[in-house]
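Just so you know, the sequences run in chain order A and B. Numbers 1 to 243, taken from the numbering used here, label the letters of the first sequence in order. Numbers 1001 to 1519, taken from the numbering used here, label the letters of the second sequence in order.
The hints are simulated quantities; they were obtained by calculation from the structure and are not laboratory data. Incorrect hints may have been included.
Said to hold, decoys possible - Below 20 Å or equal to it, Euclidean Cα-Cα: the simulated DMTMM-like pairs (lysine to aspartate or glutamate) are:
#: 1; chain 1: B; residue 1: K1307; chain 2: A; residue 2: E140
#: 2; chain 1: B; residue 1: K1374; chain 2: B; residue 2: D1438
#: 3; chain 1: B; residue 1: K1165; chain 2: A; residue 2: D26
#: 4; chain 1: A; residue 1: K66; chain 2: A; residue 2: D47
#: 5; chain 1: A; residue 1: K163; chain 2: A; residue 2: E241
#: 6; chain 1: B; residue 1: K1374; chain 2: A; residue 2: D72
#: 7; chain 1: B; residue 1: K1484; chain 2: A; residue 2: D230
#: 8; chain 1: A; residue 1: K66; chain 2: A; residue 2: E32
#: 9; chain 1: A; residue 1: K163; chain 2: A; residue 2: E140
#: 10; chain 1: B; residue 1: K1484; chain 2: B; residue 2: D1473
#: 11; chain 1: A; residue 1: K154; chain 2: B; residue 2: D1488
#: 12; chain 1: B; residue 1: K1374; chain 2: A; residue 2: E94
#: 13; chain 1: B; residue 1: K1458; chain 2: B; residue 2: D1303
#: 14; chain 1: A; residue 1: K238; chain 2: A; residue 2: D26
#: 15; chain 1: B; residue 1: K1165; chain 2: B; residue 2: E1126
#: 16; chain 1: B; residue 1: K1374; chain 2: A; residue 2: D230
#: 17; chain 1: A; residue 1: K238; chain 2: A; residue 2: E153
#: 18; chain 1: B; residue 1: K1307; chain 2: A; residue 2: D90
#: 19; chain 1: B; residue 1: K1487; chain 2: A; residue 2: E94
#: 20; chain 1: A; residue 1: K161; chain 2: B; residue 2: D1488
#: 21; chain 1: B; residue 1: K1374; chain 2: A; residue 2: E91
#: 22; chain 1: A; residue 1: K103; chain 2: B; residue 2: D1488
#: 23; chain 1: A; residue 1: K238; chain 2: A; residue 2: E140
#: 24; chain 1: B; residue 1: K1484; chain 2: A; residue 2: E140
#: 25; chain 1: A; residue 1: K238; chain 2: A; residue 2: D177
#: 26; chain 1: B; residue 1: K1498; chain 2: B; residue 2: E1098
#: 27; chain 1: B; residue 1: K1011; chain 2: B; residue 2: E1364
#: 28; chain 1: B; residue 1: K1458; chain 2: B; residue 2: D1031
#: 29; chain 1: A; residue 1: K66; chain 2: A; residue 2: D12
#: 30; chain 1: B; residue 1: K1374; chain 2: A; residue 2: E241
#: 31; chain 1: A; residue 1: K103; chain 2: B; residue 2: D1482
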Amino acid sequence: MNIVRPYGDTLDDGKVQLSFTLPVPDGAKGREAARQMVLKWGFKDCDVVHSAPLSAGFSFYVAYGKTETSVDYDACVADEHSAEASMSMDEVNEYIRRELGRKVVVVGACTGFDAHTVGIDAIMNMKGYNHHYGLERYPEMEAYNLGAQVPNEKLIEFAGKVKADAILVSQVVTQKDVHIHNLTQLIELLEARGERSRYICIAGGPRIGNKLAVELGYDAGFGRGAYADDVATFIVKKLAERR
Amino acid sequence: MRTKLGLSQDKIDEARELAARICGPVMKFVDGHTSVTVERATLRLAGADDADADGVPVPNLIVDQARDRLADGAFRLYASALARTGDSPERLNRKIAEGLRLADLPPADEASVARKADELVRRADERVRSNREYREARQAEWKDRNHRPLLYLIVATGNIYEDVKQAAAAAEQGADVIAVIRTTAQSLLDYVPYGPTTEGFGGTYATQENFRIMRAALDEVSERQKRYILLTNYASGLCMPEIAAMGALERLDMMLNDSMYGILFRDINMYRTFVDQKFSRMLDAWAGIIINTGEDNYLTTSDAYEKAYTVLASQFLNERFAYAAGLPARLMGLGHAFEMDPTIKDGFLYELAQAQMAREIFPEHPLKYMPPTKFMSGDIFKGLVMDTMFNFVSKATNQGIHLLGMLTEAIHTPFMMDRYLAVDNAKYVMNNIASFYDEVEFREGGIVRTRAAEVLDKTLEFLRQIEATGLFDAIAEGQFADVKRPKDGGKGLEGLIKKGPRYWNPFEEHLTRTLGLGK
Chain A
1 MNIVRPYGDT LDDGKVQLSF TLPVPDGAKG REAARQMVLK WGFKDCDVVH
51 SAPLSAGFSF YVAYGKTETS VDYDACVADE HSAEASMSMD EVNEYIRREL
101 GRKVVVVGAC TGFDAHTVGI DAIMNMKGYN HHYGLERYPE MEAYNLGAQV
151 PNEKLIEFAG KVKADAILVS QVVTQKDVHI HNLTQLIELL EARGERSRYI
201 CIAGGPRIGN KLAVELGYDA GFGRGAYADD VATFIVKKLA ERR
Chain B
1001 MRTKLGLSQD KIDEARELAA RICGPVMKFV DGHTSVTVER ATLRLAGADD
1051 ADADGVPVPN LIVDQARDRL ADGAFRLYAS ALARTGDSPE RLNRKIAEGL
1101 RLADLPPADE ASVARKADEL VRRADERVRS NREYREARQA EWKDRNHRPL
1151 LYLIVATGNI YEDVKQAAAA AEQGADVIAV IRTTAQSLLD YVPYGPTTEG
1201 FGGTYATQEN FRIMRAALDE VSERQKRYIL LTNYASGLCM PEIAAMGALE
1251 RLDMMLNDSM YGILFRDINM YRTFVDQKFS RMLDAWAGII INTGEDNYLT
1301 TSDAYEKAYT VLASQFLNER FAYAAGLPAR LMGLGHAFEM DPTIKDGFLY
1351 ELAQAQMARE IFPEHPLKYM PPTKFMSGDI FKGLVMDTMF NFVSKATNQG
1401 IHLLGMLTEA IHTPFMMDRY LAVDNAKYVM NNIASFYDEV EFREGGIVRT
1451 RAAEVLDKTL EFLRQIEATG LFDAIAEGQF ADVKRPKDGG KGLEGLIKKG
1501 PRYWNPFEEH LTRTLGLGK
């Protein structure tokens, strides 16, 4: 047992600093609302040390609370998922330099008639998405984004030409299961050419999960909320594993 | 202005000459071409608007109908239909949305088409001129009520009506400029959606109706605050000129508009981008809209200390392209950013050198200074300190447009209180060092002067190399931001059209005349 509480300046004083906004005007009444709010969260003590108006109907508060809540540190187990979390862009590049010692080549496209490049662009474009830079920005990767409406045959040809390590396929349109058809066809073509084992194949799209992708013969699938670093981490670890 | 850096004027002049030589061949190409979005922008100025039942905008419908004769321009078809039917643009738009094919109408005679063209150009010109006059009158009336530099805040709720609330709050807190972020990847749509929108990822669509709604809301706040609040949106992407046209009509005050951003960071075809940026900038010049260029993007890609010269080089090129489109220096918000690794020894001095250098080389330009983003982390306390350093450099070097840094930059889209803390921080610093710029000079042979001179030298070297290669090839070879873009690659190339001998665009002619761009 190792019982711990937040530490302000004395062991077990349980001091916590808080800041938040309330949708009410600034003033004595607002500060009282803020104080009651903090007490309702279970804090035993509350000092609202600062308030300021944000606009006519909104106000900002800084408050200190004292909590008696504790946890047993010894009994805490880190979330396994977070232990397996994706590497950052820099970590991926460092990993490539250390473990693979050569550039990793990735080719991506929206296949079939799908014209929605939002997904593949989020993963591949320089700018990336939501502060996660795309693969084009990874110095240890050579990333080719072939864009939209790329026939599977052309994608395979290009992957062969640039000696790709991984092929990324994005499918956004799922009407009449057209994505299943496209995704399956790519794997079948690769198998017919005896080239399936040459590439790490990854499918992505808002309605594509890992389970579906693996069922269709892909190495992995990435759905909503996945970023370039997640995809990159999977690729480089898989490559290191295969080596 | 007194120089504090002692930069060589000869070198600065040489850089400008190189920029002119680099841009020359590009402008020559540009003047011989149009694009689907240049044509749609022209139609929008003439009054084309509305959308069909599937949401396809009328300007797209017209350009699609005229697809095989775009070398002549799309305007004639629309003007002829207006002249022939006697319809108002609104009425004709509705008919087109309901399936009318303009080519099925017998063409009107040349004289009445020409009269119609004059009328349409005059009408748009009056509207844009009155927008300018309104803005100038307000700015004169409330002179000195804005912050210097202008404090620039972003809203991005994904719903225009929610954006309006956040924008009003931000303006009341002290923002001088409100930028409304668009939904992810709107820049890759080859059309501008129609009507008000309440959806999107990390922002909602830029539409003309959304522009109007936000403009009205900010005018109200301006009136209350006795301070003109500037409205900004994003013209980059496949619809650059159309967004600029909408901005001109709805009195936007600033547009994100970089000459090469789309090519490098959105993989839009280079020829298409250069053609689109020219017409969009002509529209901005006409409407008195300040452009914001995107040099900050180079620094999020590459190291800000090592690649500082790419920023200055891009500023020279953006300036040259902007002059070629008729923009005066006072409408050029050339970009740069405070993005050096905070652990570099004397990093603050290098940032100061870069910002002061930009100030001295571009003295009349309202420089757009961007806050730290790359090295912002979940440590919001450190983040606030970094923003303070940024605020200091901005005021100490008299920047023009100051994009406020958010302490939660790396975490989420700003909370209302994050914006408040940003404004509060900036007001504190900028008031506290209000006269610093006039007080301070930099020591000869010191770190700041030496650094600025080095960056200018490297810039010259880089520009010479680009000039030798040619801009199109330099981009193809990856000389900018380490991104290679093949000349015939990227999005939107199919929408580029070589102008034929019968090409007719009276708006372009009018702008060329008004802006004094005749050869």
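Now the hints, each set against the structure:
no.	hint	in the structure
1	B:K1307 - A:E140	holds, 19 Å
2	B:K1374 - B:D1438	violated, 31 Å
3	B:K1165 - A:D26	holds, 18 Å
4	A:K66 - A:D47	holds, 9 Å
5	A:K163 - A:E241	holds, 19 Å
6	B:K1374 - A:D72	violated, 37 Å
7	B:K1484 - A:D230	violated, 24 Å
8	A:K66 - A:E32	holds, 17 Å
9	A:K163 - A:E140	holds, 15 Å
10	B:K1484 - B:D1473	holds, 10 Å
11	A:K154 - B:D1488	holds, 17 Å
12	B:K1374 - A:E94	holds, 18 Å
13	B:K1458 - B:D1303	holds, 15 Å
14	A:K238 - A:D26	violated, 55 Å
15	B:K1165 - B:E1126	violated, 31 Å
16	B:K1374 - A:D230	holds, 19 Å
17	A:K238 - A:E153	violated, 24 Å
18	B:K1307 - A:D90	holds, 18 Å
19	B:K1487 - A:E94	violated, 32 Å
20	A:K161 - B:D1488	holds, 19 Å
21	B:K1374 - A:E91	holds, 15 Å
22	A:K103 - B:D1488	violated, 26 Å
23	A:K238 - A:E140	holds, 16 Å
24	B:K1484 - A:E140	holds, 15 Å
25	A:K238 - A:D177	violated, 29 Å
26	B:K1498 - B:E1098	violated, 30 Å
27	B:K1011 - B:E1364	holds, 19 Å
28	B:K1458 - B:D1031	violated, 31 Å
29	A:K66 - A:D12	holds, 10 Å
30	B:K1374 - A:E241	violated, 31 Å
31	A:K103 - B:D1482	holds, 15 Å
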